[in-house]
Structures are given as C-alpha cells and as structure tokens.
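Visitor: Here is how the chains run, residue by residue.
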Amino acid sequence: MRDVYAIGIGITSFTRLEFPLSEIAAYPVMMALKDAGIKEIDHLYVANMGGGRVNHQTGLASAVVDTLSLTPAGADVIENGPASGGSAIKQGFLAVASGVHDVVAVTGAERMREVNNLEVTEFVATLTHPLAEYIYGVTLPSLAGMFTRAYMDKYGVTSRHLAMVAVKNQNNALLNEFAHIQQAITVEGILDSPEALTNNPYIADPLRFFDCCPVSDGGASVILATREVAEKTGRPLVRLSGIGQATDTHCVHERDEPTDLLAVRRAAAQSFEMAGVGPSDVGVAELHDAFTILEIVESEEVGFFKKGEGHLALERGETQIGGKIPINPSGGLKGRGHPVGATGVAQAYEIVHQLRGEAGKRQVADPKIGFTCNFGGFGNNVVCLTFAREN
Amino acid sequence: MPVDLEKILRPVDHEMPPFPPKYMTIASGEEMVIRQVTRDEIPDILIHVAPLMSVERDFYDVVAARVYAELLAYYRHRMQDEYVLVAQIDGELCAVVNGRSVGDGTGMSLHTLALRRGLRIGAHAFATKMEYHMDILGHKEVLIVAESPIGFRRWMIEYNLEKRFEIPHELGGPPSYALTKDIFEKARGTLVIGRRPVPDALLAKAMEAILPPSDPPTPPEDLLAATRSMYDPTGTALILQRWMQHEKEGK
Chain A
0 MRDVYAIGIG
10 ITSFTRLEFP
20 LSEIAAYPVM
30 MALKDAGIKE
40 IDHLYVANMG
50 GGRVNHQTGL
60 ASAVVDTLSL
70 TPAGADVIEN
80 GPASGGSAIK
90 QGFLAVASGV
100 HDVVAVTGAE
110 RMREVNNLEV
120 TEFVATLTHP
130 LAEYIYGVTL
140 PSLAGMFTRA
150 YMDKYGVTSR
160 HLAMVAVKNQ
170 NNALLNEFAH
180 IQQAITVEGI
190 LDSPEALTNN
200 PYIADPLRFF
210 DCCPVSDGGA
220 SVILATREVA
230 EKTGRPLVRL
240 SGIGQATDTH
250 CVHERDEPTD
260 LLAVRRAAAQ
270 SFEMAGVGPS
280 DVGVAELHDA
290 FTILEIVESE
300 EVGFFKKGEG
310 HLALERGETQ
320 IGGKIPINPS
330 GGLKGRGHPV
340 GATGVAQAYE
350 IVHQLRGEAG
360 KRQVADPKIG
370 FTCNFGGFGN
380 NVVCLTFARE
390 N
Chain B
0 MPVDLEKILR
10 PVDHEMPPFP
20 PKYMTIASGE
30 EMVIRQVTRD
40 EIPDILIHVA
50 PLMSVERDFY
60 DVVAARVYAE
70 LLAYYRHRMQ
80 DEYVLVAQID
90 GELCAVVNGR
100 SVGDGTGMSL
110 HTLALRRGLR
120 IGAHAFATKM
130 EYHMDILGHK
140 EVLIVAESPI
150 GFRRWMIEYN
160 LEKRFEIPHE
170 LGGPPSYALT
180 KDIFEKARGT
190 LVIGRRPVPD
200 ALLAKAMEAI
210 LPPSDPPTPP
220 EDLLAATRSM
230 YDPTGTALIL
240 QRWMQHEKEG
250 K
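The listed protein sequences correspond, in order, to chains A and B.
Numbering-wise, the first sequence is residues 0 to 390 according to numbering that gives the first Met the number 0.
Numbering-wise, the second sequence is residues 0 to 250 according to numbering that gives the first Met the number 0.
The hints are simulated quantities; they were obtained by calculation from the structure and are not laboratory data.
Heads up, a few of these hints could be off.
Unchecked claim - Pairwise CB distance ranges (calculated):
id: 1; chain 1: B; residue 1: Val61; chain 2: A; residue 2: Lys360; range: 35 to 43 Å
id: 2; chain 1: A; residue 1: Thr120; chain 2: B; residue 2: Leu45; range: 53 to 61 Å
id: 3; chain 1: B; residue 1: Val11; chain 2: A; residue 2: Pro19; range: 51 to 59 Å
id: 4; chain 1: B; residue 1: Gly137; chain 2: A; residue 2: Lys153; range: 26 to 34 Å
To be verified - To spell it out: a stretch of chain B is covered by chain A in this simulated footprint if at least three of its residues, at any positions, have a beta carbon under 8 Å from a beta carbon of chain A; those stretches are:
id: 5; region: 18-27
id: 6; region: 109-123
id: 7; region: 192-198
Beta carbons are placed, not taken as given, at the ideal position from N, Cα and C, and that holds for glycine.
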C-alpha cells in the first residue's frame, strides 16, 4: 500500500445554511482545493445521510462534481449513517493507497435544518432496527438515555460529569469560529441553580438538553493524495496513518454487555495497530459526543483511560485543551455541531488543522498524533482514524 | 370652539398595574432581571430594536418592525392599555416583551423579541409576560399568535395552547391561540420561573440604564462562509485571504 496524506482541508460554518445541499457539499471542497493548491482530482467521495429523505436531493455526488467543474472525475455518495464521513475518508484512503487514484477529494455535508427538530429526530431514528426498535418509537436520544442510566449505575458517572463535558465542549466551541454553538454555559446555570431544570430540561432521562448535540447544517472536506503530491504542496505533511472500522449488533439490546461499545474498542485498536502507535501516543482527539456520555465512554473504549475511569480523568481536567489528552478542541459534536454526514470529515479537518499547528486560539501544544472516532448508529458501525504529522 | 384633536386621537388609556421585578439564573450562570419599563425608557429601547428590522433570518425583520411600531405607539399614546417588560443582564438589554389588555378578562400578547439568542432568554421573557397577564392583570386567558417557527414551537407546542381560531388576532388577523388560566398553572414552576425580591444591587444595575445588547442578531453577509469566519484567525477564511494576497503579490 502507498502512504496517504491529507493535503487540503476546508469547512463551512456549522449553523443553519440556507443553500442547497449540493452547495454545502461543494463549498468546502473548493476551500480544500485552494488549501492544497491544486485544481484537479481523480475522484470525489461525498458523505451524506439524509439528502434523499430530508432535502429531496439524490445523486449528490454527480451534482457536487459538476458544481465544482471537476468532471470527468468519478464521484460516489457514501452513506453510513452518522459515520458516513469516516467511511468516505476510508474509501478515499483505499483508493489512493491501492494505487487506483493519486488525488481524491472527500466531502461530507448535511442540511438537516430544512425540516423541524421532530422530523430530524425521526429521520435519524430510521437507522435503528425497523422491527425491533423503530416501530416502538425508539429514537437516538432514547437509546442514549437508557445507555447513560446503565452507565451511571455501573460506573458512578453522575449528571455533574455530563454537565462538565457540555461546559468544556461549548467553551472550546467559543474558540472555533465555525462552530454552531457560540454560548458559554456553566455548571451552575445548567445543573445547580433554582432555574436549572427549566434552563436544561430532561430530553431522555437522565440526559438533559445540554447533554445533546444541536441539529446542524454544514460541510467539511479533506483532500487525500500520495506522498509525491503532498510534498509538492509545501504544506506540513500530515499522513492518514491508520484506519479502523468495526460493527456491532444492530439492536442495542442484543449486546452481551450494553454498557460496552465494542465496535469503538475494535475500530480504535485496528486504527492504532495500522498506524503503529498506541492510545498514549495521541496528542489530540476528536470523539463523537452526540451525547455527552459518549465522550466519556469513547475515551475509555479507545484506550485513553481505563474502563469506568473516563469521568475521573474529566474531573482532573485531563481532557481540556491544556490537559494530558485534549478531547474535542473543536467543540465536538456538542459545540461545533453535528450535520451527520459531515461530522466524520469535520473531525478529520480539526485533527489536520491541529497537527499543522494552525488551530490558533484552540491549538493544542505540539501534537504529533491525532485521532478521530466517528460513531455510527448507536455504536453499531464505527470508523476510527489516526493521523501523524511527519515534519 | 377649538377642538383638542389630541384628545380624540389618544386612546382612553388605563394605568397598567406595576409588575414586581424578578430574576433568574440562566444557563450561562448569569443573572437576568425582568422588569416593567416606563414610557420614558422607550426611546432607550427603540434604538436597539431598529437595527433588527434588517435581519431577515427567523422573521426578525417583521417582529422588530412591529415591536418598534408598538413601542413607539405606546410612547406617543397611540396604543391602548399596553405594557412593556424588558429582560436585562448586567443592564444589557436581552429581550423585550409587550402586550395589552383588551377587557373582559382577556389579554392580547403582542411580541417577544430576544436581542440575545439562546439560553431560553426569549422563553423566560414570554413566560414572565404571561405571569403579568394572569397574576397581575387577572386575565382569564391571553390570545397569542406566532410569527416564526421558533415562536410556534416555544408557545403553541411547549405550552400546548388552546385554539381560539374564531378570534382574529390583532397581529395581522390570523387565527388566535389562547393561554388559559389552567394552562398557566400547569406551567408555573416549570416554564414560568424566577425569584423575588431582586437583590438591591442587581435591580439597581438594571434600573441604572438600558445598555446595548452585546451580541444582537445581525444579517449574514455570506451564510456559507458565515460572517464570523471572516474574522477567524484560525480558519479557512484566513487561509483563503492569505492565498488571495499571495496571488496579488505574485507568490
């Protein structure tokens, strides 16, 4: 296999965007091409989950490639639920590593705010099991609520720990001009004050409003290429050094231990093994905190902390930007936002940004290895990526 | 015999009873005071409402234009039985709500305008307005409409308002919804919250001056690379600007 490098990155603001989905997907590609200093690609991978259902737009890759005047490059849509972005990057990696292509663009985009929150929640719930979960009204917040309650009972995680994740990530988002949520919150305001229950009502007990990510529109892109192409850009070399993907039972209730996220554990291990590094080598990570509990649990499953001790590391401030292993300096899904198809690519955007040392106010001190965890379904299809700075 | 036309034009206005100010801690940990304002304070509010008339997003333009007109009419005695409440954080104007009494135990909710978004600032201000109608004015029900989807979610859905579709609302004549005494009592303590009395220092700060909103909604210049990214020292916008500069310099 050939080595694969991230040579260009681009992103839109994550917010409500009143542009067609194809424009939201195309704009960050244009930025990423500018970043890389190139004008042509061999292939385009577009990560998207809901274009057909939410935006009534299918054939998205064809639309994007033509919008960018990149024809006759090949173009495909990759759909893997909220892990679509990670899967699209994986496909791009395989294309370059295998020698099929030298330069590919990967873009993730979603326009979810075209419909109301109820419709969005229902749309995302379509990734649950149609007969064993969906028809009973299961939604992602409800699954996350049950998961959180079980985790609290078993490992001693409290609502205060969840609130600490929310506060940390929203504060990080204040340093990210592209982040959706630009509001500082405090534990007092969302947990301790007499008005906290109104400020932060229960969504799916024990998860409250500020434990859930916002519904966002947005797009992000990464250009992947061979080392030969990467060296010509004159930019810092950031290698996509490891990819891992694993699945778990479709139904959450079929898992032997419902508080384990085995697909995260396995995908991370694969990614680290391929990169030839371990969790302790990681200098910055973007984890999939669609719900605050997930950041804590994923930080354990990928190996940053022992099982059941992620919340203790959080208490010690180890996941802050200046901490031992900074997690979600971008604000994560909680603060940056979660346009589902774009999220995995946005995570990669942030890691490349950080490894290049270009992240400004939220720059982590000299990271050499970066890591992303893109969590599909409720942990039934997970893609983990490892990046390494080479110069 | 000379006619005092002003007496004809000016509605028979009743003195609106005072609203005891209250305060609450919002999600940011800041303390927000909600209080009634006098006519004399209206010009201090209008200057902050006017810029929102050019913000198309979320119907701010429509709401701001109507609020401006309603407040100006109140100030110049062209609206009957109107009241205005404001929400302030450290003196900063965060929300304006208003309504009026239409008699027969009925209130007419006019507008809720949040000048600082999120953190339920508008929702808290609306709830306080309903408290004024029910607890102070003694209304049996308040007629309400929404001009934006956000308003519809916040009022019609969160409170589960009753339909009064046979009554055209004063705001453009659409069918009204109603917040009844029963609905209000169900919301008391959950959606309708706050503490009294307001600590002296907090109230004094609010009364001292209506300060400009620190982060009011503004019209976006470019939604995709939204305006704020143009000032981002870390992101793509700066990179793009750098390239453009390099191109000009022939690098």
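Visitor: So, for every hint listed, does it hold in this structure?
Guide: Hint-by-hint comparison with the structure:
Between Val61(B) and Lys360(A) the CB atoms are about 37 Å apart, so this pair conforms to the stated range of 35 to 43 Å. About 40 Å separates the C-beta atoms of Thr120(A) and Leu45(B), a value inconsistent with the hinted range of 53 to 61 Å. Our hint of 51 to 59 Å for Val11(B) and Pro19(A) holds, since their Cβ atoms are close to 54 Å apart. At about 53 Å, the CB distance of Gly137(B) to Lys153(A) disagrees with the hint of 26 to 34 Å.
Residue count for the region 18-27 of chain B with a Cβ under 8 Å from a Cβ of chain A: 5. That meets the three needed, and the coverage hint holds. With a cut-off of 8 Å between beta carbons, the region 109-123 of chain B has 4 residues touching chain A; three or more are needed, and the interface restraint holds. Check on the region 192-198 of chain B: 3 of its residues sit with their Cβ under 8 Å from a Cβ of chain A, so the three-residue criterion for coverage holds.
Violated hints, listed in ascending order, are 2 and 4; each of the other numbered hints is respected by the structure.
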